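A.B. asks: The chain contents come next:
There are 2 protein chains.
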Amino acid sequence: MNDLIKEIKGGICAPLGYEAAGAVSGVKSAQGPSKGRDLAILRSIVPAACAGVFTTNVVKSAHVPLDQKRLANDRAQAIVVNSGNANALTGKQGMKDALAATGLAAQLLGLKPDDVLICSTGIVGRMMPMAKILRGIRAAAKQLSPKGANDAALAIMTTDKRPKQVAVEMEIDGKPVRIGGMAKGAGMISPCMATMLVFITTDADLPAKTLQTCLKRAIRDSFNMITIDGDMSPSDTVLLMANGQAKVTPKGAGLRLFQEGLNLVAGRLARMIVEDGEGATKVISVTVAGAPSRDRAARVARAIANSSLVKCALHAGDPNWGRILTSSGAAGVQFDQDNVDLHLGKVLVFKNGGPTKYSAARAHKELSGKEVEIRLNLNSGAACATILTCDLSEEYVNFNAEYHT
Amino acid sequence: MNDLIKEIKGGICAPLGYEAAGAVSGVKSAQGPSKGRDLAILRSIVPAACAGVFTTNVVKSAHVPLDQKRLANDRAQAIVVNSGNANALTGKQGMKDALAATGLAAQLLGLKPDDVLICSTGIVGRMMPMAKILRGIRAAAKQLSPKGANDAALAIMTTDKRPKQVAVEMEIDGKPVRIGGMAKGAGMISPCMATMLVFITTDADLPAKTLQTCLKRAIRDSFNMITIDGDMSPSDTVLLMANGQAKVTPKGAGLRLFQEGLNLVAGRLARMIVEDGEGATKVISVTVAGAPSRDRAARVARAIANSSLVKCALHAGDPNWGRILTSSGAAGVQFDQDNVDLHLGKVLVFKNGGPTKYSAARAHKELSGKEVEIRLNLNSGAACATILTCDLSEEYVNFNAEYHT
Numbered sequence: 465m466n467d468l469i470k471e472i473k474g475g476i477c478a479p480l481g482y483e484a485a486g487a488v489s490g491v492k493s494a495q496g497p498s499k500g501r502d503l504a505i506l507r508s509i510v511p512a513a514c515a516g517v518f519t520t521n522v523v524k525s526a527h528v529p530l531d532q533k534r535l536a537n538d539r540a541q542a543i544v545v546n547s548g549n550a551n552a553l554t555g556k557q558g559m560k561d562a563l564a565a566t567g568l569a570a571q572l573l574g575l576k577p578d579d580v581l582i583c584s585t586g587i588v589g590r591m592m593p594m595a596k597i598l599r600g601i602r603a604a605a606k607q608l609s610p611k612g613a614n615d616a617a618l619a620i621m622t623t624d625k626r627p628k629q630v631a632v633e634m635e636i637d638g639k640p641v642r643i644g645g646m647a648k649g650a651g652m653i654s655p656c657m658a659t660m661l662v663f664i665t666t667d668a669d670l671p672a673k674t675l676q677t678c679l680k681r682a683i684r685d686s687f688n689m690i691t692i693d694g695d696m697s698p699s700d701t702v703l704l705m706a707n708g709q710a711k712v713t714p715k716g717a718g719l720r721l722f723q724e725g726l727n728l729v730a731g732r733l734a735r736m737i738v739e740d741g742e743g744a745t746k747v748i749s750v751t752v753a754g755a756p757s758r759d760r761a762a763r764v765a766r767a768i769a770n771s772s773l774v775k776c777a778l779h780a781g782d783p784n785w786g787r788i789l790t791s792s793g794a795a796g797v798q799f800d801q802d803n804v805d806l807h808l809g810k811v812l813v814f815k816n817g818g819p820t821k822y823s824a825a826r827a828h829k830e831l832s833g834k835e836v837e838i839r840l841n842l843n844s845g846a847a848c849a850t851i852l853t854c855d856l857s858e859e860y861v862n863f864n865a866e867y868h869t
Numbered sequence: 465m466n467d468l469i470k471e472i473k474g475g476i477c478a479p480l481g482y483e484a485a486g487a488v489s490g491v492k493s494a495q496g497p498s499k500g501r502d503l504a505i506l507r508s509i510v511p512a513a514c515a516g517v518f519t520t521n522v523v524k525s526a527h528v529p530l531d532q533k534r535l536a537n538d539r540a541q542a543i544v545v546n547s548g549n550a551n552a553l554t555g556k557q558g559m560k561d562a563l564a565a566t567g568l569a570a571q572l573l574g575l576k577p578d579d580v581l582i583c584s585t586g587i588v589g590r591m592m593p594m595a596k597i598l599r600g601i602r603a604a605a606k607q608l609s610p611k612g613a614n615d616a617a618l619a620i621m622t623t624d625k626r627p628k629q630v631a632v633e634m635e636i637d638g639k640p641v642r643i644g645g646m647a648k649g650a651g652m653i654s655p656c657m658a659t660m661l662v663f664i665t666t667d668a669d670l671p672a673k674t675l676q677t678c679l680k681r682a683i684r685d686s687f688n689m690i691t692i693d694g695d696m697s698p699s700d701t702v703l704l705m706a707n708g709q710a711k712v713t714p715k716g717a718g719l720r721l722f723q724e725g726l727n728l729v730a731g732r733l734a735r736m737i738v739e740d741g742e743g744a745t746k747v748i749s750v751t752v753a754g755a756p757s758r759d760r761a762a763r764v765a766r767a768i769a770n771s772s773l774v775k776c777a778l779h780a781g782d783p784n785w786g787r788i789l790t791s792s793g794a795a796g797v798q799f800d801q802d803n804v805d806l807h808l809g810k811v812l813v814f815k816n817g818g819p820t821k822y823s824a825a826r827a828h829k830e831l832s833g834k835e836v837e838i839r840l841n842l843n844s845g846a847a848c849a850t851i852l853t854c855d856l857s858e859e860y861v862n863f864n865a866e867y868h869t
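Sequences listed follow chains L and D, in order. At position 101 of the first sequence (counting the first as 1) the number is 565 in my numbering, and the numbers step up by one without a gap. At position 76 of the second sequence (counting the first as 1) the number is 540 in my numbering, and the numbers step up by one without a gap.
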């Protein structure tokens, strides 16, 4: 971590001028860490510049086209988030429901509907229980507070076991600037876009176009480089608000520092999502180095990280490196199998076309902790990429066979 | 099934002029249905035209380049198959071992080494236990018999629960022509090539070039349209031998009938592989219709069939059609989500952009049998494709966490 950036408390409300709330609408069960909280509102005290990145899935939650349309003015002041129902594959009624929800929030908060965004997460293909949602919005609007970040982080969870928040502060032009974020993840996490809900706030003063550029850069190495199960959600959204309350417009070195802070917030949240993957018992980092391009490195790393066979083996701490190399060979990227090196943790297991004389016990040990590192060097270039993923456990299958009906 | 094609017994030895054997080399455990058989030899009594299709994985078993080189003469007379060790990622020593194994077989059978092919399947990344392999080849060579098909089918199994064989007979130009086949599958099964070992014999008289064309056609709709876990093996090979002993050269309508027979053999073997997928409890057929092209239909079907979330839901018979549509939207194929129809078995669950008023109990029933049909109509073209897959069970994870070390 850059010495100029320090971690602070407060999540999305750490930056000046933000309020949040997490209320109970009755959609989600009262059990679990959220204690029934399932309706969050995030509000800036003034209109904020806003950037967004959305799922690339052809199938989209109703909120995605609505938010995209509303972001045409580069601005937002409040975001409603409901968990338990993704409002996806709900047709015209789904869009009406999203309009009604944001309409009520706008009215209660005294805002224009165009300045209110919405994100929905949860079960796909079921109509929104609007009586509950509207009741939740009323409750959340009353509870808005600069101390509400934790409640909001709890309210956006679905199958997450823990709330995910982070905030940092850095000095730019002699003044403190803050960035805060919260996320929810757990299942249906795959690269090729921010595949979860993520909300980031800052009190820096930045125009939406700069924000959008900064957000895309931050996403590239964080949310786009994680995978839980290779499935991509129709709701995935990352929103970044900048309300200018710190009275600083980062430029030059200041903007670079801001970008670093943003990368840090995004990276932390991405890692938290993997740590909390459904059924996950360990975080696996797959690095492919020595590739002709970053894109090709990432494709190979992703093929390894998405292999069920690899993830099952790593769940058991099994140094089954044959599966790792085999999945790497199916990525559609050419390389010479006799010229690659593979490390499991610090143990070199494959070199010069064949297995090394490694100690199986040591290799097993390298894979048995909570953090596992796999490093494949293709020795055919200078580019490199890292994908974070988790293991595949019986719990994942149990969980996903039971969820829903 | 075409009335002109009838199913017969005898597997790969059903066509005239083939002998097979399945011997114990000591690589595989003596437990299980194979009773330790792990070394098969298939021999034609005369040199046979031979066609082959191999894995597209960059990482290849030693046998793949060796067989490809030897098939340059369009001919083969014997095939050695060892199970328990894939001879993959074994470097130069692996190639020496493959040469030694085929060399011994050629010597024992009185053939040129160039007319002997080899296929290896099993664990990846471990050197071949050559003393055992050579002993197994000696034993198998002695046991070769026109009645050895079943032993051979047992000897090529790895995690398969059942041997997989089929044979058909048809009349061409007034004479009977036969096609027989055997396969092994179980794990690491994915489309994008024949992803398993398959051996097909015929007594038709056909040049290698025609055979190769027929084989590619047969594979397109069979082995290339199944997936167990999306993982692609480095050993995948399909070989087709034609020894001419039926004294018939299929042409015109006769060749079309031969192709149909071959398609049937390939289709049956492909289905058997899915039925016997690791941990599988049901066969799921995913059909995507109304697509602008067959390729796009297949891409969408594959995305559904490879989704862990879909496969877990179907394991439980859960009509979680949201996951099906969501995975279809991530295939990189454009369609209008408000214009698709989705059937689970006979139950229409989604139409006009939203769920229908279907009976959840009936939908659950449609998914509870051994055979499940999913049919997605994109309503944007006339092309169609079907992928066969199986469900994802706790047993798959248990199994693949324990396998290997």
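Please keep in mind that the hints were generated in silico from the structure rather than gathered at the bench. Careful: at least some of the hints might be erroneous.
Note that identical chains are pooled: a pair holds if it fits in a single copy or bridges any two copies.
Within a straight-line C-alpha distance of at most 27 Å, the following computed DSSO-like cross-link-like pairs (lysine-lysine) qualify [said to hold, decoys possible]:
hint	residue 1	residue 2
1	LYS829	LYS533
2	LYS834	LYS639
3	LYS680	LYS821
4	LYS499	LYS556
5	LYS834	LYS560
6	LYS606	LYS715
7	LYS815	LYS533
8	LYS606	LYS673
9	LYS556	LYS815
10	LYS556	LYS639
On a predicted model such as this, the values are computed, not experimentally measured, just so you know.
A.B. asks: Hint by hint, say whether it matches the structure.
C.D. replies: Now the hints, each set against the structure:
In this assembly of identical chains, LYS829 and LYS533 lie within 27 Å of each other by CA distance neither inside one copy nor across copies; the values are 51 Å within and 41 Å between. For a Cα distance limit of 27 Å, the shortest separation of LYS834 from LYS639 qualifies neither inside one copy, at 39 Å, nor across copies, at 66 Å. In this assembly of identical chains, the alpha carbons of LYS680 and LYS821 never lie at most 27 Å apart, being 44 Å within a copy and 41 Å across copies at closest. Proximity of LYS499 and LYS556 under a CA criterion of 27 Å is satisfied in neither setting, with 32 Å inside one chain copy and 61 Å between copies.
Taking the closest pair of Cα atoms, LYS834 and LYS560 never come within 27 Å of each other, the shortest separation being 45 Å inside a single copy and 40 Å across copies. In this assembly of identical chains, the alpha carbons of LYS606 and LYS715 never lie at most 27 Å apart, being 37 Å within a copy and 81 Å across copies at closest. When the C-alpha separation of LYS815 and LYS533 is checked against a cutoff of 27 Å, the pair qualifies only between copies, where the shortest distance is 25 Å, while the shortest distance within a copy is 53 Å. Taking CA atoms no more than 27 Å apart as the test, LYS606 paired with LYS673 passes in neither setting, with 33 Å inside one copy and 77 Å between copies.
Taking CA atoms no more than 27 Å apart as the test, LYS556 paired with LYS815 passes between copies only; the shortest distance there is 12 Å, against 57 Å inside one copy. For the identical chains of this complex, LYS556 and LYS639 are neighbours neither inside a copy (47 Å) nor across copies (63 Å), given an alpha-carbon limit of 27 Å.
Comparing the model with each earlier hint shows violations of hints 1, 2, 3, 4, 5, 6, 8 and 10; every other hint is respected.
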